[in-house]
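Chains as they are written, first to last, in the numbering used here: chain R, 1 to 116; chain C, 1001 to 1112.
Possibly wrong hints are sitting among the right ones.
[To be verified] Below 35 Å or equal to it, Euclidean Cα-Cα: the simulated DSBU-like pairs (lysine-lysine) are:
hint, chain 1, residue 1, chain 2, residue 2
1, C, K1042, R, K62
2, R, K71, C, K1067
3, C, K1042, R, K71
4, C, K1056, R, K62
Honestly, the hints are just simulated from the structure, not real lab data.
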Amino acid sequence: NAGVMQNPRHLVRRRGQEARLRCSPMKGHSHVYWYRQLPEEGLKFMVYLQKENIIDESGMPKERFSAEFPKEGPSILRIQQVVRGDSAAYFCASSPPGTGVSDTQYFGPGTRLTVL
Amino acid sequence: QKEVEQDPGPLSVPEGAIVSLNCTYSNSAFQYFMWYRQYSRKGPELLMYTYSSGNKEDGRFTAQVDKSSKYISLFIRDSQPSDSATYLCAMRGGGSNYKLTFGKGTLLTVNP
Chain R
1 NAGVMQNPRH LVRRRGQEAR LRCSPMKGHS HVYWYRQLPE EGLKFMVYLQ KENIIDESGM
61 PKERFSAEFP KEGPSILRIQ QVVRGDSAAY FCASSPPGTG VSDTQYFGPG TRLTVL
Chain C
1001 QKEVEQDPGP LSVPEGAIVS LNCTYSNSAF QYFMWYRQYS RKGPELLMYT YSSGNKEDGR
1061 FTAQVDKSSK YISLFIRDSQ PSDSATYLCA MRGGGSNYKL TFGKGTLLTV NP
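Can you make the complete structure from the sequences, with help from the hints?
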C-alpha cells in the first residue's frame, strides 16, 4: 500500500509566479490536510479537505492561496504570485474516514518550495 | 502564550540512554495526543497516538499524558543512533475537529 505521495519534491519559483503542489492520499483515505513548515517553526495547519469539499481552511492565508480535492485526481495546493516568505516545506497528510484512532494522519514526504 | 510549547533542544545523549521528551499545552479542549518522528528533509512519521490521560507503551517507546497538568511526555528506552531525529508532539480536539496543533519539535542526537 503506497503511502501519501507528493510532487514535485522540490519546486523553485521566481517572485510573482504560481506554484502548484500535488498530493495523492493513501489508498482508501478520503480526508486530506495541508500543513506548512517554515524554517525554525513547527508544522502549521493550513486546510482540511474531503472529496470536492473544503471542510476547514482556517489556516490558509486570505490571499493568493487556494486548495482543492476534486472527485478524480490529486489534491492541489495553489499559491499565486509567490513571494519569498512563501519559501517553506509543504506537507500533505491523509486519513481514512471515521473518528478516533482510525483518523490518524499519515504524512507525505513534502514539497520544498524555494522562491527566488 | 503558544497553544503548544516544546523545548527545541538540541538534546544529545549516548547510545543506550533513556530519553525524555515533553510538551506542555494551554488548550483544555485537546483530547488526542500524538508523537511524530521526523528525519532530516523527510515527512513526519507517527510514533504514538493516545487518547486522554494515561500511559501507552510500544516497544522502546512510552507515551504519557497528564491532562490535569496539560503535560505530555515521550520516553525512549535503550536509545539507538537511528533514533536521531526531530520529535514533534501534536494534539487535537475531539469530534470532527481534525486540525493538528504541533510543537516546534525537539532535535535529538544519539551518539554511538
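The hints, checked one at a time:
{"no.": "1", "hint": "K1042/C with K62/R", "result": "holds, 28 Å"}
{"no.": "2", "hint": "K71/R with K1067/C", "result": "violated, 40 Å"}
{"no.": "3", "hint": "K1042/C with K71/R", "result": "holds, 28 Å"}
{"no.": "4", "hint": "K1056/C with K62/R", "result": "violated, 40 Å"}
Consistency note: the structure conflicts with the earlier hints numbered 2, 4.
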